[in-house]
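Colleague: Can you make the complete structure from the sequences, with help from the hints?
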Amino acid sequence: EAGVTQSPRYAVLQEGQAVSFWCDPISGHDTLYWYQQPRDQGPQLLVYFRDEAVIDNSQLPSDRFSAVRPKGTNSTLKIQSAKQGDTATYLCASLDRTNTGQLYFGEGSKLTVL
Amino acid sequence: AQKVTQTQTSISVVEKTTVTMDCVYETRDSSYFLFWYKQTASGEIVFLIRQDSYKKENATVGHYSLNFQKPKSSIGLIITATQIEDSAVYFCAMRGHNTNTGKLTFGDGTVLTVKP
Numbered sequence: 014e015a016g017v018t019q020s021p022r023y024a025v026l027q028e029g030q031a032v033s034f035w036c037d038p039i040s041g042h043d044t045l046y047w048y049q050q051p052r053d054q055g056p057q058l059l060v061y062f063r064d065e066a067v068i069d070n071s072q073l074p075s076d077r078f079s080a081v082r083p084k085g086t087n088s089t090l091k092i093q094s095a096k097q098g099d100t101a102t103y104l105c106a107s108l109d110r111t112n113t114g115q116l117y118f119g120e121g122s123k124l125t126v127l
Numbered sequence: 206a207q208k209v210t211q212t213q214t215s216i217s218v219v220e221k222t223t224v225t226m227d228c229v230y231e232t233r234d235s236s237y238f239l240f241w242y243k244q245t246a247s248g249e250i251v252f253l254i255r256q257d258s259y260k261k262e263n264a265t266v267g268h269y270s271l272n273f274q275k276p277k278s279s280i281g282l283i284i285t286a287t288q289i290e291d292s293a294v295y296f297c298a299m300r301g302h303n304t305n306t307g308k309l310t311f312g313d314g315t316v317l318t319v320k321p
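As you go down the protein sequences, you meet chains A and B in turn.
FYI, the numbering for the first sequence is 14 to 127, going by this note's numbering.
FYI, the numbering for the second sequence is 206 to 321, going by this note's numbering.
Possibly wrong hints are sitting among the right ones.
As the list claims (entries may be wrong) - SDA-like mimics (lysine to any residue), calculated; alpha carbons at most 20 angstroms apart, straight line: (1) B:K308 / A:R110; (2) A:K96 / A:A31; (3) A:K123 / A:Q27; (4) B:K308 / A:V81; (5) B:K308 / A:G55.
Hints in this document: simulated from the structure, not taken from any laboratory.
Modeller: Shown next as structure tokens:
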């Protein structure tokens, strides 16, 4: 079974540039999460979806961050006008409701904003 | 709102010994799940073990076990017979049982170093 796939693995931007991260969850997982993990910190939830619906985006900086999951499968997280404070690893995860209730994480997309 | 606190920033042990990592949590949910995840040097995050709040018995998986003290809102991770490859960052996390609160909240992690 394929795991959670993310791309790109790395991105380096100047402040003010935009970037999009893509995530393909495990097939059959209806719940998808985007987390931001700054260096030496735990993952912090940005947004999560059940199917195509946003369940919680209260921690998403809405002025520059956006996330979509139009068909309830793949998802895209976009950062417009990036700032140095956005430097972090962006993690996508999908939820296995039926078994242990655990999240399966992708390898992450490491963003550096210069 | 949920909150998870790991007070130990780092722990160093000699291999083959037992280590305990602490975690306390805050929640208003009456039923919830508690998890421990491990993040390796490559950045990969993997699930280790889960405790359901309504279960009194402590969960055990392989050489991982939990010390669940519900009155203290505490869920400690115990690793017995540690190995060099157990060196990693360990995160405690929790999720409400309500299907509308599927948000998983993490602590800031404890760095475990296992030395020969």
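Colleague: When the hints from earlier in the document are held up against this structure, which numbers fail?
Modeller: none
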